[in-house]
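Protein chains in written order, with full-length UniProt numbering: chain A, 1 to 314; chain B, 1 to 545.
Just to be clear, a hint being listed does not mean it is correct.
[Unchecked claim] Listed next, the in silico DMTMM-like pairs over lysine to aspartate or glutamate satisfying Cα-Cα at most 25 Å (straight line): (1) B:Lys200 - B:Glu452; (2) A:Lys61 - A:Glu28; (3) B:Lys176 - A:Glu28; (4) B:Lys384 - B:Asp371; (5) A:Lys7 - B:Glu156; (6) B:Lys364 - B:Asp347.
Everything labelled a hint here was simulated from the structure, so no lab data went into it.
None of the values given here were measured: they were computed from a predicted structure.
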Amino acid sequence: MLTYLLKRLTSLVISLLVASLVIFLVVEVAPGDPASFMLGLNAQPDTVAALRAELGLDVPKFARYFAWLSGMISGDFGMSYTYRTPVAQMIADRFWVSMPLALMALALSTLIAFPAGLFAAARRGSAGDMGVMGATQLGVAIPNFWFAMMLVLVFAINLRWFSAGGFPGWDDPLLALKALTLPAIALALPQAAILTRVMRSALLDILGEDFMRTARAKGLSARQAIWRHGLRNALIPVLTIIGLQFSFLLAGAIIIEQVFFLPGLGRLVFQAITQRDLIVVESVVMLLVFAVIVVNFAVDLAYAAVDPRLRART
Amino acid sequence: MTGSAPSATPMLILDGVNVAIFGKTILKDVSLTLRRKEILALTGESGSGKSMTALAVMGLLPGRMRATGTLRLDGADLLSRTEAQMCRIRGNEIGMVFQEPMTALNPVQTIGDQVAETILIHSAADRRAARTRAAEVLARVGLPQDRFPLGRYPHELSGGQRQRVVIAMAIALRPKLLIADEPTTALDVTTQAQILDLLKSLVREEGMALLMITHDLAVVSDMADRIAVMQHGKVVETGPTCQLFARMEHPYTRQLFAASGHRVSLPPQPSAARPLLEVHSVSRDYPLPRRIPFAPRKTFRAVDNVSFTMRQGDRVGLVGESGCGKSTLTRAILGLEPVQEGQIALDGAPVFSHGRPNPEVRRKMQVVFQDPYGSFNPRHKVGKLISEPFHLLPTKPDTSERRDRIAQALSAVGLSPDDADKYIHAFSGGQRQRIAIARALIIRPELIIFDEAVSALDVRVRAQILDLMADLSRQYRLSYLFISHDLSVVRTITDRVLVMQNGEIVEDGPTGQVYTNPQHPYTRQLLDAAPRLPDITPEMLHVPA
């Protein structure tokens with residue numbers, strides 16, 4: 001188990017270093033001068049020179065990379081060129097919107113998908129199964145921004161249970177959670193549909209396994225056999241999908257954030273790109289990469305917890 | 001045979017049991033009785049209804065199949081039980097052991113938990129007592145706690161050990177009836193002998209009744225008090241073992257018996273032929289996974305300093321238990337993988353050169369695999385499937401020659417040239433193996449490798465394929481390497497045999513001599529462990545056409 005952990009940690013650190021190098025190369029070393037790119041076509045030469053000095057572009061590339069890396073490790077992401085505020089602070093504010101939103105959406109989709117997948121697999125071919133499968137078909141097909149607008153129409157405008165958008169901050173956690181509820185539902189719906197299908201097919205595969213027959217021969221009922229022997233074995237493919245979905249939910253919520261006027265990471269990147277604020281783009285991308293890699297690490301640990309064979313193989 | 005006398009009253013009675021689905025008869029009028037301390041063997045070929053009979057007793061028939069008739073366990077009618085009541089009987093009064101020990105256990109649960117579950121599910125004891133009993137019963141089946149603690153996972157055990165765990169699960173609550181469905185078919189002969197001994201002693205000492213399902217008549221004759229032979233869902237003959245073998249009243253029984261011990265007549269070996277395959281001090285290492293990141297890799301030597309020469313027209317057998325290196329050696333001979341030491345040459349040319357199989361040599365070698373179902377692409381027609389080796393030829397035959405050679409190859413293996421336009425799913429297992437042989441023959445290779453080529457076949461089909469191989473040897477002067485774990489088959493189809501253990505060839509000699517006078521202790525152990533058919537008298541073998 002320890003070697004497994006060690007190996008995963010090594011690969012985590014290596015992936016992070018490689019990712020940082022790639023991002024750095026793409027943004028700063030790629031042909032073209034970042035400073036003149038940020039200032040646009042009509043910039044004065046002296047303004048460009050000033051910005052170059054400010055960005056530290058006159059120092060050698062290696063030194064710049066290490067300065068950037070060590071800055072990030074110590075929490076200094078640099079200054080946003082457009083807003084003139086520390087990038088770290090900007091990201092932190094947005095992160096506390098995007099992260100809880102992603103977690104809520106993930107929790108929701110898992111809570112829907114597990115029972116739905118179990119139900120459908122246990123009653124394969126029945127009307128219930130077909131109902132669930134039809135619903136997931138619909139869930140995958142509906143665009144989530146449209147679904148988000150429908151939610152706003154019904155729950156914010158007609159029923160007035162929720163506000164139609166905006167984020168009040170975490171001063172009142174209940175109010176904050178309430179503001180995130182509709183976006184989380186809108187985000188969770190297609191994910192839940194996909195996860196339900198994965199859960200169902202993973203369980204159906206397991207149901208055909210020999211050890212499920214052994215379980216029945218021991219005297220377990222069909223339902224007990226699924227619970228005790230099927231579920232854990234079906235978790236591996238499901239965990240893989242959950243890991244992928246989390247990364248997507250964290251970074252890919254951009255449209256939903258726009259619909260609900262949420263100050264999240266997606267919107268931040270979007271704005272930074274339109275304003276050519278490379279420092280912000282670079283930092284947010286690195287943060288997202290970090291999140292994805294850490295989530296993958298967590299999924300790897302979860303695999304090992306579920307499956308003893310992975311622990312042994314190291 | 002168990003030795004002690006079975007009790008008089010039947011423990012299990014099947015009387016006129018029928019199972020049908022969509023008008024298709026699965027079981028027809030099956031009647032059997034089984035007493036305490038008795039072993040009843042249910043035998044027959046695949047699809048004869050052996051397993052379905054067992055599943056009917058368990059109440060675990062697949063899909064919507066229902067059994068009708070009378071099915072009594074210790075006087076109680078099983079067919080009128082509800083599903084909930086059957087759940088209380090399964091695992092408690094009836095235990096069942098399955099064929100595939102590698103997959104019959106839940107891979108993510110410890111063996112202790114899985115054995116204890118049988119006890120807990122029937123509320124026979126609290127958690128601690130259940131684990132104590134689990135340890136006890138695992139020790140009973142030969143997995144003592146000091147070497148096999150309850151916390152072991154299935155993947156840490158060998159096939160035979162896993163089968164012991166499955167048996168422990170089945171007998172944890174001392175059921176009245178134990179059903180074993182081909183419990184040793186997937187195991188090596190020495191392991192098979194141990195598991196059969198274990199089952200026999202369980203019947204004798206725990207007083208169970210054992211319903212044993214097997215296709216292997218040699219196992220049956222050694223094991224059972226009584227035998228029931230099944231064909232097409234019916235019991236065609238039943239009786240005490242000795243009596244049944246002595247009389248064999250039903251022609252099907254006689255056919256099965258004859259096919260089980262089938263001997264072919266090989267044409268004489270050509271004398272003073274040139275060397276064909278030369279394997280010279282070959283070793284093959286596999287890297288093992290690193291224990292610690294970046295540490296140097298250790299290696300596992302799967303084939304260790306193996307040397308032998310096959311001459312043209314030689315028919316050589318390679319036997320050994322799983323994991324002994326047979327398959328690794330086969331892959332090396334086929335030039336699919338590089339070897340770490342030594343050389344392999346066919347007709348003087350290396351089989352593997354410049355980091356890839358040598359195409360010059362590859363067209364002189366063909367292989368027939370075990371699985372007649374998995375080794376064909378289901379989307380291609382037979383004609384295309386068997387003409388695939390043409391890719392190996394420097395000049396590919398034109399359309400008409402191609403058609404002729406396909407027709408020729410199909411006729412050679414006893415099929416019709418018209419079969420070239422059919423898809424593979426239209427053929428039975430035996431026919432598919434004929435097609436596999438046709439595919440191997442089509443470019444007239446110098447050497448054919450049969451890798452467990454008859455192991456998945458029913459005995460009567462196996463006998464036919466062996467006859468076909470003998471015929472083809474006569475017509476084409478085949479040279480082949482016949483790899484198998486089945487000693488009786490190797491005996492009849494080869495002139496010379498190599499015995500492999502832990503990557504080494506421990507014995508190499510003329511087949512008859514190795515079988516009658518084995519030199520190496522391992523060869524003796526293998527031959528002793530192999531179950532034998534009872535002696536055959538000529539009148540027993542008389543099979544009406």
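Consistency of the hints with the structure:
1. B:Lys200 - B:Glu452: 29 Å, violated
2. A:Lys61 - A:Glu28: Roughly 9 Å separates the two Cα atoms, so the pair holds.
3. B:Lys176 - A:Glu28: 77 Å, violated
4. B:Lys384 - B:Asp371: 19 Å, holds
5. A:Lys7 - B:Glu156: At roughly 21 Å apart (the allowed maximum being 25 Å), glutamate 156 of chain B and lysine 7 of chain A satisfy the hint.
6. B:Lys364 - B:Asp347: Status holds; Cα separation ~9 Å.
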